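> Here is how the chains run, residue by residue.
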Amino acid sequence: MNRLILWRMLQEEIRLNTSFASGKGFYSFPILVSISGFLAIAFTDEMIADMGYIEYLEVLHFGILFYGVFAGTLAFFGNEFLERIFGYLGLIIGLPTTQPITQRKITLLYFIKEFIFYSFFTLIPAFIGGLIGSYFYGIDLINLIEFSISLSFSFLTGLSFAYLISSLYRISWKFSVVGGLVTLIIYSLSVRNIAITPSLEWYLHKEPIFIFISLFNPLIISFCATILVTNYYEEGSIKTIGYQDRLKEYIEKFNWAKKISNPTIISKERIDLQRSKTGTKMFFSFAFPLGILTFMNWFIDKGLPIQVDFNTIFYGVMVGFFGTMIYSWLNTIDSPTFYSTLPVTVSDVVRARLVLFFTITWWIPLLFLSLISYMSSEINLLPIGIIVMITVGMYIVNYTAWSTGLRTNSALFDAIVFLKFFVISVPPMIAMTILSLAISYSISTVLIALSCICGILALFSIFFYNKIEVKWQKETFD
Amino acid sequence: MTLISCKELSKKYDDVLALDKVNIDIEKGEFFGLLGPNGAGKTTLLKILTGQIKSSEGTAEILGMNIEDNVIDVKKKIAIVPEQESPPSFLTPREVLEMVASIRQIENPDIEEWITFFELEAMEGRVCRNLSRGQKQKVMLAAAFISDTELMFLDEPFINLDPIVQTKVRDWLIQYVENGGTVFLNTHLLENAQRLCDRAAIIHNGKIQSMIKINELDSQNISLEELFHEIIL
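Those protein sequence lines, which keep their order, are chains G and R.
The numbering used here numbers the first residue of the first sequence as 51 and each following residue consecutively.
The numbering used here numbers the first residue of the second sequence as -5 and each following residue consecutively.
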């Protein structure tokens, strides 16, 4: 029976993914991963020369560990968002509500399914890419296999960590924070005298004990997560009573925006944002990648022979880029199906959410940038950082809105949409990052170049915004 | 005057033919019922007629306008109650009605009347996410009724409603049609269809199997249920 459920879960996962990304886009993703695997091998020598052997391997392991956390978070917390976007969504993991099977068992099967799915979806394609690369660049095959195995263990550790957090979260969010921190501390202490993951330690020194630890760690974590799964889980509901009717008040407040959007839709979205408490989630979703970025900054500084200082302008670029996350959050608050009963187009709702993004959620990136600037003693760079942040944010969010409409999260799963997003977003970001790092060498040249790029990005922002109407006007909410 | 007209309307989902060359004309002032078993194509047809999805072939005209070319203009003049009750999760029932009135630019909307009609006073201060399915359905119906349109599309509107509210809704709909309104009702509750509709079509496997004048059933000594069973089984 377990095998059958597992098999059906895998089928469900593929059908779910192909239902919100195009089949072509979904199946292209492993090809992209294979190409990445090939490129990782092709540029191995250069990367090792630049970063150092151990540091390069650590970055790869660190990356795959976080990929595991990300994949697990998506798996264990994603359903809630999917339901908000698509309405009711019945998945096999919900089977215990009607069938004689425990939630514990079905959640464990779900976790195993996730590992199998991601193994076939990314780990094996990456290995195949690496295999092709090793043929062309003369990398030892045994070495490649051993390193791939070690990466798989790191991925599994990340995935099991997300599983544990989700189990704790279903008990209480405080448990998840405390439990997550405790696990992180224990993990950090256990690897303090070895490489960043035990599997990397095994790869580097071939001591058999570490391959056992590599396997033991995720097993223990996922065992604890499974034990913590309870059969009676009541979703933490938002406040039940006592809401004041505020729509009219907001419609009046947003009346100024009537020429660019519909004040009633903006008001509805504004209330959604407030009552769903998505602002808090947005804040933490900002804190997480910025924390990793800061850690990477520290890590690179420590590992590289030259000093690299990410300054406020660089963070302005990054924080602006993360604006796309805020927009995607706005698309997960509530299902838009009610709009299908009204004389409203998809483009009306997209534009309303953009107005909301630019007027209401601005404080989150601004707060982060100001904090980073203050902590780095770079208040003098803050005005430039803010201009860069606003321009990059406008550019990336307008592009995201134009290209993905109301389904940002699911659309970015489509490899083709993702590739286009990558091509549009990465080149200006790289250019601005290089300029930000060069500001201490020639401030005037850098400022002129930054102004030019900001000007171009602003023009593109207007272009994308104006194209939203054409692209989404005839789209249905269904 | 024909308010709804569809010709050779088909809808394909991949290889599944959900609608197969459907032809229907509905006149102003009619109470029209579309009957059929689950998965017959009722909701698909209603969604096409209300511009929620596009047809694969054929044309549909609502109030003399091609629906695919004039979605917004048509939606301004029709009210829709979809199959799944889906009022905005984080608005209160009153705010939902205010929102509908504002988007539809209804002057002096009688929100109080509809709040009272659907007994939603007790739901004041609650957001729709925390309402029961029946309460959500009441909000959806109130949002449609407040729209004050001449044509109404209802997809299984009585599901989840308690018997008292069902009666109130039925009575209101009869009054609405008597005052010149037109109703397109999707249902598999044959009793309601027999009570309310002037004319009905039975759809099965995406095809219209029969067009019935309800008042002629008596003279033929057959109930709607018997006819339905005869056609479907």
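Honestly, the hints are just simulated from the structure, not real lab data.
Note that the structure is predicted; figures quoted are calculated from it, not measured.
Be careful, since some hints might not be right.
[Stated by the list, open to error] Facing chain G, a subset of chain R residues (Cβ under 7 Å, in silico):
(1) I66
(2) K69
(3) P82
(4) T86
(5) R88
(6) F152
(7) L184
Ideal Cβ placement from N, Cα and C applies to all residues, glycine included.
> Which numbered hints turn out to be false for this structure?
6 and 7
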